[in-house]
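Participant: Whenever a hint applies, use it, and build me the whole structure from the sequences.
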Amino acid sequence: MKMTKKMREALTGYALVSPWIVGFILFMAYPIYYSTYLSFHKVTISADGIVTEYIKGDNYKYAFLSDPEFVEKLLLFIKTAIGMIPIIIVFSMLVALLINQPIRMKGLFRAVFFLPVVITSGEVINELFSQGATAMPLVEKYGIIEIIKDNLSPAWSSPIISLIQQLILILWFSGVQILIFLAGLQKVNRQVYEAASIDGASPWVSFWKVTLPAIKPFIAVNMIYTTVDLFTNSFSDVITLIKDNMFNLTTGFGYATALAWIYFGVIFVFLMLILLLFRNNEDVNVRPRRRRA
Amino acid sequence: MEPTAKLQKVKLHQSLLQKTMLLAIYNRIKRIAFGRQGNDGLVFKLFVYALLISVGFIYLYPILYLVSQSFKSLNDLLDPTVLWIPQKLYLENFVQAWHVLNYMDTFWNSVLNSVVPAIGQTVSCAVVGYGLAKFRFPGKSIIFGLMMITFIVPSQVVMIPLYLMFNDYHMLGSSLPFIVPTIFGQGIKGVLFILIYMQFFRTIPTSLEEAAQMDGAGFIRTFFTVILPISTPAIVVVMLFSTVWHWNETYLTSLYLGDSMTTLPLMLKTFNDSFSRLYGGGAAVGGKHQNINESIRMAGTLLIVLPLLILYLFAQKRFVEVVDKTGITGE
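Keeping their order, the protein sequence lines are chains A and B. Number 199 in our numbering belongs to position 199 of the first sequence; there are no gaps in the numbering. Number 84 in our numbering belongs to position 84 of the second sequence; there are no gaps in the numbering.
There's no promise every hint is true.
Cross-link-like lysine to aspartate or glutamate pairs, in silico, EDC-like; alpha carbons within 20 Å at most [said to hold, decoys possible]:
#: 1; chain 1: A; residue 1: Lys106; chain 2: B; residue 2: Glu210
#: 2; chain 1: B; residue 1: Lys269; chain 2: A; residue 2: Asp150
#: 3; chain 1: A; residue 1: Lys5; chain 2: B; residue 2: Glu209
#: 4; chain 1: A; residue 1: Lys6; chain 2: B; residue 2: Glu210
#: 5; chain 1: B; residue 1: Lys269; chain 2: A; residue 2: Asp244
#: 6; chain 1: A; residue 1: Lys6; chain 2: B; residue 2: Glu209
Hints in this document: simulated from the structure, not taken from any laboratory.
Facilitator: See the structure below:
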């Protein structure tokens, strides 16, 4: 009787999860397999349908060695991402700390900082950017950009300049992160702060000694979220390039999938680095989300 | 001699009194200004407010710019003395942008492409989340692993095979490529929604379901009559986010829809062309030839984000509660 109940529970569980599994096979597993397959082929579309021709790793070779744009755009994007992630993390933590203070109109400020998450789409962002609505007026005025241009090699100055020019947009990517940090801050025990202040710790010290260690797992979560969000956003030049190559007659679907796989490789490396960064402390759980699993 | 000494003594006394009073006042002010613990003083509070307001202003700057710019007539636009507030409320930009966007048709297309998939995700992710939250079965950790894969693999990797697949089933050019995956709990950020539901269902005490089962209700019936009615917060959150994210999706939308259907955010790309078709090139409405200016584009952009702004205005609390209530961060 007990056994049958357990089995029934398992069966019901499978039944409930099965739509997702079917969906995963149809819309994820099979496409992943097929796109791996395509990335090693030259794909041409003829009247009878799709013709594939096995060309080994030529697509990948072409991407790194011959493509005039891809490597350059990918590197630029990686550099921009390296610049953006710390900015987003620090900024969202700062805003979360400010909102977490005993102030009035908390809800209003939270709402303001979350607004961009709701209204931004790739096209709207591009539009705002091209109209110059996203550049901070002060930055232009004081010639900061010229200073950077003069003092750094073009390989590094161009990503930094683009960071500055898009600063507001970058900050716009912080909405979800701010909420996650806020949730984290609210979970820090108030009594620890009291104890710290009785021991003579200034707010500055207790931020470094109490707050920061307590929200370290949330920093990890936010870094992972930010990475995935940045790379899958239509903000990126690389994904535009992938789509352009799809309908390009000389390159086609095969080459575009190869580019997509390289792109995924970069994301994967980023995530691994983040995990490594947060693995040093064994008392910190790297991925709180998975703990319940 | 004596009276002067006395006077001096009184003076000394007075100055001492004054000093202590001053000190007391000074301490009082100091306490009000800087607080006892360093973060409850007036100066600190002012500092926090100033910082929040200025950062908030920078944050809203693009939107304020958008609003201000969209109300400017050509004269205001060219006049360098007009910075933020136009000389008069000029609504012609919106009228033109409305026509260029073909607003009502495009709006309903957008609704079709966002609300219907959102309903699909709201339902299917709830079922899957329930299965994961409340039932024990072997292989669950494998499913979580697969979910992580779905979360980090960018859509670019799978979009070409999917494009070919949808092409085979003649779904391209309609909303079906967005609706069908959502029925299976996939689609844009589907995993995130499953996790939201899962975390929420876990907070519901098991005794509630046991009570329902005592009364003879099966698993399915328990789900519909006991679990779902108390899960409104999670349902609303998933519905809102799914709608908004589908609405804002342009990369896949332009790929799957092609030319046969267009959504509001997509119209921005072709805004200039549509404008010159309507108003430019001699044979325009009323014979008036007109060039596009950035105010009209800005009015168009504002019209495109307007439905979302209105939605956010009403459901703002729900959006922001997502992390608190559902514990995305999942400790």
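Participant: Taking only the CA atoms, is the gap from Lys5(A) to Glu209(B) under or equal to 20 Å?
Facilitator: 15 Å, holds
Participant: Within 20 Å, alpha carbon to alpha carbon, are Lys106(A) and Glu210(B)?
Facilitator: 40 Å, violated
Participant: Do the alpha carbons of Lys6(A) and Glu209(B) lie within 20 Å of each other, as the hint requires?
Facilitator: 16 Å, holds
Participant: If you draw a straight line from the CA of Lys269(B) to the CA of Asp244(A), is it 20 Å or shorter?
Facilitator: 15 Å, holds
Participant: If you draw a straight line from the CA of Lys269(B) to the CA of Asp150(A), is it 20 Å or shorter?
Facilitator: The hint is violated at about 35 Å.
Participant: Taken at face value, is the distance from the CA of Glu210(B) to the CA of Lys6(A) at most 20 Å?
Facilitator: Distance ~15 Å between Lys6(A) and Glu210(B) Cα, so the pair holds.
Hint compliance for this structure: hints 1, 2 are not met, and every other hint is.
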